[in-house]
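S.K.: Here is what each chain is made of, one letter per residue.
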Amino acid sequence: MKFGVVVFPGSNCDRDMQDALQHDLGKEVIMLWHKDEDLSMFTTEDCIVLPGGFSYGDYLRCGAIARFSPMMKSVIEFANKGGKVLGVCNGFQILCESGLLPGVLLQNANQQFICKNVYISNKAGQALKIPIAHGEGRYHADEATLDELEQNNQVIFRYCNESGDVGETGNPNGASRHIAGIRNKAGNVFGMMPHPERATSTALGNLDGKEVFSILGLLN
Amino acid sequence: MTYNVQIKVMPLKDLLDPQGKAVLGGLQNLGVKSVNDVRVGKHITLQIDAASEAEAKQVAEEASKKLLANPVMEFYEIELVN
Numbered sequence: 001m002k003f004g005v006v007v008f009p010g011s012n013c014d015r016d017m018q019d020a021l022q023h024d025l026g027k028e029v030i031m032l033w034h035k036d037e038d039l040s041m042f043t044t045e046d047c048i049v050l051p052g053g054f055s056y057g058d059y060l061r062c063g064a065i066a067r068f069s070p071m072m073k074s075v076i077e078f079a080n081k082g083g084k085v086l087g088v089c090n091g092f093q094i095l096c097e098s099g100l101l102p103g104v105l106l107q108n109a110n111q112q113f114i115c116k117n118v119y120i121s122n123k124a125g126q127a128l129k130i131p132i133a134h135g136e137g138r139y140h141a142d143e144a145t146l147d148e149l150e151q152n153n154q155v156i157f158r159y160c161n162e163s164g165d166v167g168e169t170g171n172p173n174g175a176s177r178h179i180a181g182i183r184n185k186a187g188n189v190f191g192m193m194p195h196p197e198r199a200t201s202t203a204l205g206n207l208d209g210k211e212v213f214s215i216l217g218l219l220n
Numbered sequence: 221m222t223y224n225v226q227i228k229v230m231p232l233k234d235l236l237d238p239q240g241k242a243v244l245g246g247l248q249n250l251g252v253k254s255v256n257d258v259r260v261g262k263h264i265t266l267q268i269d270a271a272s273e274a275e276a277k278q279v280a281e282e283a284s285k286k287l288l289a290n291p292v293m294e295f296y297e298i299e300l301v302n
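Chains A and B are the protein sequences, given in the same order.
Under the working numbering, think of the first position of the first sequence as 1, with each following residue one higher.
Under the working numbering, think of the first position of the second sequence as 221, with each following residue one higher.
Just chain B, same shape as in the assembly (with noise of 0.2 angstroms):
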């Protein structure tokens, strides 16, 4: 069965993230003053070909924790969607 794994990927809480600093100033020039906060990460999708949903999330979890996300300045969360 394939499954569909969705992965958030994003900037470690405690690190300056400069994109979502650069967003900020985009939306206050725009005018959206009341967002005091951005911060800009990733989302992958991913198709694993599995036996299981247990199997489709272990591959999930070895991917990004190998290659999708580098924990010295990301964390990531899993989601599985069918």
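With the rest of the complex left out, here is chain A (with noise of 0.2 angstroms):
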């Protein structure tokens, strides 16, 4: 399984998506310009993955411009052929405005930049600290789709405290039912607001990211 780094004007986060894949998870990594289109590459059994930033630097709403890049058109096709998709902080963002994921990432409750370690916890009640950096990442959609999400199990990962309970302890910036990723329906397209690829190393201190990147099923 290889993976493709999509790179748009304003990503931060590519480099160490990068890094991340190649040297703590030993994968096969394409860096992809937002201006090409072509990912005939790429099977439906590789990942691309949409990283964190600030893609055409936030402007509209955050993810608004760079779903019109070329690239995204690839990538929305790609997506609905079966492909793996993971969208990271901008990424999730992204993935919510192209339609690939439902719903929409508002500004934090607290009206503030988050940078800072958190807990989630996928249905295993295990809690694997992760860290966020957005000041959009507060998950909204309404409760008609919030209940299809969580009747679907498209819910993959939740905030909570360290010792993994689930509630608004844990939520750093007010996300409807303490959501802090999902997955699509056919369940190939991952988006989620905290960074797994700030945690794969042990220079770094924390090997939680590796787990997440198991569970999302992507480190066959």
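Since the hints were derived computationally from the structure, they do not count as laboratory data.
Be a bit skeptical, because a hint or two may be false.
In silico BS3-like links for lysine-lysine, alpha-carbon gap of 25 angstroms or less [what the hints assert, rightly or not]:
#: 1; chain 1: A; residue 1: Lys-185; chain 2: A; residue 2: Lys-210
#: 2; chain 1: A; residue 1: Lys-210; chain 2: A; residue 2: Lys-116
#: 3; chain 1: B; residue 1: Lys-286; chain 2: A; residue 2: Lys-73
#: 4; chain 1: B; residue 1: Lys-228; chain 2: B; residue 2: Lys-285
#: 5; chain 1: A; residue 1: Lys-129; chain 2: A; residue 2: Lys-116
#: 6; chain 1: B; residue 1: Lys-241; chain 2: A; residue 2: Lys-116
#: 7; chain 1: B; residue 1: Lys-277; chain 2: B; residue 2: Lys-253
#: 8; chain 1: B; residue 1: Lys-228; chain 2: B; residue 2: Lys-286
#: 9; chain 1: A; residue 1: Lys-27; chain 2: A; residue 2: Lys-129
#: 10; chain 1: B; residue 1: Lys-285; chain 2: A; residue 2: Lys-73
#: 11; chain 1: B; residue 1: Lys-233; chain 2: B; residue 2: Lys-262
#: 12; chain 1: A; residue 1: Lys-116; chain 2: A; residue 2: Lys-81
#: 13; chain 1: B; residue 1: Lys-233; chain 2: A; residue 2: Lys-81
#: 14; chain 1: A; residue 1: Lys-185; chain 2: A; residue 2: Lys-81
#: 15; chain 1: A; residue 1: Lys-35; chain 2: A; residue 2: Lys-2
#: 16; chain 1: A; residue 1: Lys-185; chain 2: B; residue 2: Lys-286
#: 17; chain 1: B; residue 1: Lys-228; chain 2: B; residue 2: Lys-277
#: 18; chain 1: B; residue 1: Lys-286; chain 2: A; residue 2: Lys-35
Covered by chain A, according to a simulated footprint, are these stretches of chain B (three or more residues, beta-carbon under 8 angstroms) [unchecked claim]:
#: 19; stretch: 269 to 281
#: 20; stretch: 288 to 301
Just so you know, even glycine gets a beta-carbon here, dropped at the ideal spot from N, CA and C.
Each of the two chains sits in its own frame; use the hints to bring them together as a complex.
M.R.: Below, the structure written as structure tokens:
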């Protein structure tokens, strides 16, 4: 399984992602320029990553302009064919704007850009320590959509405290139902606000990010 | 003909608007105590070349729906000014 990392103007976690995938997880990585559209070197077993950052200066709304870049047209086609796509932080915002994932990321409820370690948990209830760094990470969708996400097991990560209890205390940004990450119905498109690529190296003192990639089935 | 179209984009009424909340705090610090709610949105102006008013409005509608506003979080109002 190889990875493609899309570089938008304003991406700033693209190199972190490349480094984590290549050096910490031993994966082949191809960097993809947003103005190109060729994804012919990837099969649907591979994964395209939309990294964090401030694509197009976050103008209009986070991710709103990136969605129309030539590479995104190919990424949307790739996802619709069943190819794996992971969006982290700004990448998650782009996936929501492009309609590959439902909902939207709103400005944090406390009005602040938050950069710190938080805990997230998957269904197994295990608390993973993963850093966040965002000003617009408050996941929102209407009640019907949130219910549907839960019924279809599409919520992959929720904010929790150190012992794995999901709730207000662990929720940094006011996200609806403490949602930190979701997947689409088909299970091939993933979006999350926390940055697993910043937690895959012993040098950085945190390996919980590896567990995130593993939970998403991206370490095969 | 060129039409001037103004588009108002506002956060949906039910949603918390942290920017508006921050501005409200600023107004209160300034001593303007009578303001009890602030919501902040965007005002976008477009110049559209079109054959008719209806066509210009249609273009603005399409632009708003597909890019300028996100219906999950915002609503918009279009006004033709010339």
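S.K.: Apply the coverage criterion to the stretch 288 to 301 of chain B and chain A: a residue qualifies when its Cβ sits closer than 8 angstroms to a Cβ of the chain, and three qualifying residues are needed.
M.R.: It holds, with 4 qualifying residues against the three required.
S.K.: Is the straight-line distance between the alpha-carbon of Lys-286(B) and that of Lys-35(A) 25 angstroms or less?
M.R.: holds (21 angstroms)
S.K.: Would you check the hint for Lys-27(A) and Lys-129(A), treating anything up to 25 angstroms between C-alpha atoms as holding?
M.R.: Cα-Cα ~23 angstroms, so holds.
S.K.: Given the hint that Lys-185(A) pairs with Lys-210(A), does the C-alpha gap stay at or below 25 angstroms?
M.R.: holds (24 angstroms)
S.K.: If you count the residues of the stretch 269 to 281 of chain B with a beta-carbon closer than 8 angstroms to a beta-carbon of chain A, do you get 3 or more?
M.R.: violated (count 0)
S.K.: Taking only the CA atoms, is the gap from Lys-233(B) to Lys-262(B) under or equal to 25 angstroms?
M.R.: holds (15 angstroms)
S.K.: Checking one constraint from the list: CA of Lys-35(A) to CA of Lys-2(A), max 25 angstroms. Satisfied?
M.R.: Measuring from Cα to Cα gives roughly 21 angstroms; hence the hint holds.
S.K.: Need the status of pair Lys-116(A), Lys-81(A): alpha-carbon distance at most 25 angstroms?
M.R.: violated (36 angstroms)
S.K.: Are the Cα atoms of Lys-228(B) and Lys-285(B) separated by 25 angstroms or less?
M.R.: It holds: about 12 angstroms lies between the C-alpha atoms, which stays within 25 angstroms.
S.K.: Tell me if the straight-line CA distance from Lys-285(B) to Lys-73(A) falls inside 25 angstroms.
M.R.: With Cα atoms ~19 angstroms apart, Lys-285(B) and Lys-73(A) stay inside 25 angstroms; holds.
S.K.: Does Lys-286(B) lie within 25 angstroms of Lys-228(B) when you go C-alpha to C-alpha?
M.R.: holds (15 angstroms)
S.K.: Hey, Lys-185(A) versus Lys-81(A), does the alpha-carbon distance stay inside 25 angstroms?
M.R.: holds (14 angstroms)
In the structure shown, a violation is registered for the earlier hints numbered 7, 12, 13 and 19, in ascending order.
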